[in-house]
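Trainee: Take a look at the letters that make up each chain.
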Amino acid sequence: MSFDIPSIAQYTPEATVFIGVILVFMLDVAGIRSRAIIGGATSIFLLLAFLQVLADLGSWPLQGLSTLPAGLLGTQNGPVIFTNFGLIFQGIFLLSALLVALASVSEADGEEVPTFYALLSLAALGMLFVAISADLIFLLLSVEITGIATYVMVGYTRKDRRAVEAAMKFYIIGALSTAISFFGASLLYGAYGTTSLTAFRALPANSSLALVGFGMVAVGLGFKATLVPFHMWAVDVYDGAPASVSAFLAAGSKKMGLFGIFIVFVAAVRIFASAQGFALYLALGALAVITMTVGNVMALEQTTMKRMLAYSSIAQAGYMLLGIAIDTPAALAGATLQITADVLMKAGAFIVVGAAVGLGVGPLITDWRGVGHSRPGIGASFAIMLLSLAGMPLTLGFVGKFYLFFAAVEAGGYFTLLAIAGLLNSALSVFYYARILRYMYMPESTGSATVGAHPLSHSSLGVGNAPAAPAWGSVRDEIRGTGSARWATVVGIALLLLVLGIYPTPIIGAMNSAAQQFLTLGL
Amino acid sequence: MIPLDELVLFSGLLFSLGIFGVLTRRNFIMLLISIEIMMNSAILNFIAFAAYSPAGNSLLEVSGQGIAVVLIGLAATEVALGLAIVLALNRIIGSVDVADAMQLKL
Chain A
1 MSFDIPSIAQ YTPEATVFIG VILVFMLDVA GIRSRAIIGG ATSIFLLLAF LQVLADLGSW
61 PLQGLSTLPA GLLGTQNGPV IFTNFGLIFQ GIFLLSALLV ALASVSEADG EEVPTFYALL
121 SLAALGMLFV AISADLIFLL LSVEITGIAT YVMVGYTRKD RRAVEAAMKF YIIGALSTAI
181 SFFGASLLYG AYGTTSLTAF RALPANSSLA LVGFGMVAVG LGFKATLVPF HMWAVDVYDG
241 APASVSAFLA AGSKKMGLFG IFIVFVAAVR IFASAQGFAL YLALGALAVI TMTVGNVMAL
301 EQTTMKRMLA YSSIAQAGYM LLGIAIDTPA ALAGATLQIT ADVLMKAGAF IVVGAAVGLG
361 VGPLITDWRG VGHSRPGIGA SFAIMLLSLA GMPLTLGFVG KFYLFFAAVE AGGYFTLLAI
421 AGLLNSALSV FYYARILRYM YMPESTGSAT VGAHPLSHSS LGVGNAPAAP AWGSVRDEIR
481 GTGSARWATV VGIALLLLVL GIYPTPIIGA MNSAAQQFLT LGL
Chain B
1001 MIPLDELVLF SGLLFSLGIF GVLTRRNFIM LLISIEIMMN SAILNFIAFA AYSPAGNSLL
1061 EVSGQGIAVV LIGLAATEVA LGLAIVLALN RIIGSVDVAD AMQLKL
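Those protein sequence lines, which keep their order, are chains A and B. Residue numbers for the first sequence, in our numbering: 1 to 523. Residue numbers for the second sequence, in our numbering: 1001 to 1106.
The hints are simulated quantities; they were obtained by calculation from the structure and are not laboratory data. Don't take every hint at face value.
Examples of chain B residues toward chain A, derived with CB under 10 Å [stated by the list, open to error]:
hint	residue
1	S1053
2	V1070
3	G1082
4	R1091
In this text the structure is predicted, and so the values were computed from the model without any measurement. Cβ atoms here follow ideal geometry from the backbone N, Cα and C, with glycine treated the same way.
Build the full structure now, drawing on both the sequences and the hints.
Mentor: Right, here's the structure in full:
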């Protein structure tokens, strides 16, 4: 058993991110705590890893290949497998970490800065391992790397009571879900004598032990993915955590849970399709519909921006779960597209909310009155993100939902019902997104009357209030308020949503072939 | 030797005990202990299934024990982090009671 160079070369993205983690800790020891240096270094390493993943996607052989020696962690097939589907998700995870790293450069300096960036990279590293795992234990341990890093990230501002409370809740739920999924894994190990996900797919449904095991693993991962019976923690944690951490949780760590459910359930569906038949599809579909409905209905009645975004994030998880509930390549590709869109939208939206303090905007939705006029750049970007979340045409959010619902109709029969439920939910969600848009672009007369009651926002508006047409002076003010890195990230995300929404062909092609390969060739 | 089904039944009971603790206790330390009991029931399961693996399949036997050792390490990591969080919380609100940490409305 010897390491040859080609096998190590396959781990370039993981190694790059890992070197970034070590470097940030070294800088911390050297006493360098400036966000510009540490955040910049982290962003560069994440960007390098992201580019490496993109390069791999272009050149990787279509057939998945296993590289670690068999027998490591006890699997006959090896714990790691490289597939295009996994690589696409590596790219998605790295993108979410990169956006958060870039945007947080604009936050205040402090002694926790290196901790934040090191943990961010470490969480990204765990996600990268999740995306290449072919073994249940390897998968759950990788989820745990991310989990432990994110528990600390939520509470890294140790003096902030709300953040520490959020960290406590997140920790309890996270540790509980870990214990449940490992117990499920132990039952699967007992039922099949292996923990290899690739081996599961070839095995018959021989015992109810396995069904219980799969169920418990799904519950554990469902907590991470904020599916509905297990979603209660998410709202409090997203609300209490610093906004950049919320952005990372909603954009990155949640998608990791969903990806885990995808790769575990692709095995479970194959195993139980013959024995239990339709029931499993029915259960997954019901879970998806309940998740999106509860998320949307609860989002309707929220008054603070962060909690509204948290519930809308739960609703989005429901749409994405449809991918595995329908179980066709087209649906899985649509879900991947929707996940990509959601990474951009949710990271962007939480970053905007984080920038709200610098913009002189309060935490309530009504505080956003007139922001579209007084802050043209941020206002327009946020509007694009909200339109994309609502699934309006010309944005990436529309393309994702369109592919997903189209795949459901294509699958026919019962799946058409899922498409109808999804469409109704999208219509419902337009209400609360449109409400924010209405506040942001209220006519100036009503806008300034209420803004006047808000001393903070009024003073930063400058003399003469906002003119009808956005002047460059106010954009310069806006950039100073949010910080140039954060402003550039937000505007960049909005542009990306538009560009990919108008011309999504290249990523759709890649996702279609990857999903096809994932479902037919095995993990 | 203890039969396999009794071992699995025992670990199932431990797991239920842990869930019961998580649902009823309000003290953070007790929550930590309950979650640890749940983790240990999973570890016990791995060891039990490894010990009763079909004769001749040495790989299976070793893997269960290996996973158990890794999980013991993982459980220790989690507890260390949990204690760090409870210290930070205690410094702010002066209590380790979960019910006292409810500033975020549910």
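Trainee: All hints are to be evaluated individually against the structure, with a verdict given for each.
Mentor: For each hint, the structure was consulted:
Hint status for B/S1053: holds, given a least beta-carbon distance of 7 Å to chain A, under 10 Å. Here the hint on B/V1070 is kept, as its CB sits about 7 Å from the closest CB of chain A, short of 10 Å. Among the interface hints, the one on B/G1082 holds; its C-beta lies about 6 Å from the nearest C-beta in chain A, closer than the 10 Å criterion. Taken as an interface hint, B/R1091 checks out: its beta carbon lies about 8 Å from the nearest beta carbon of chain A, inside 10 Å.
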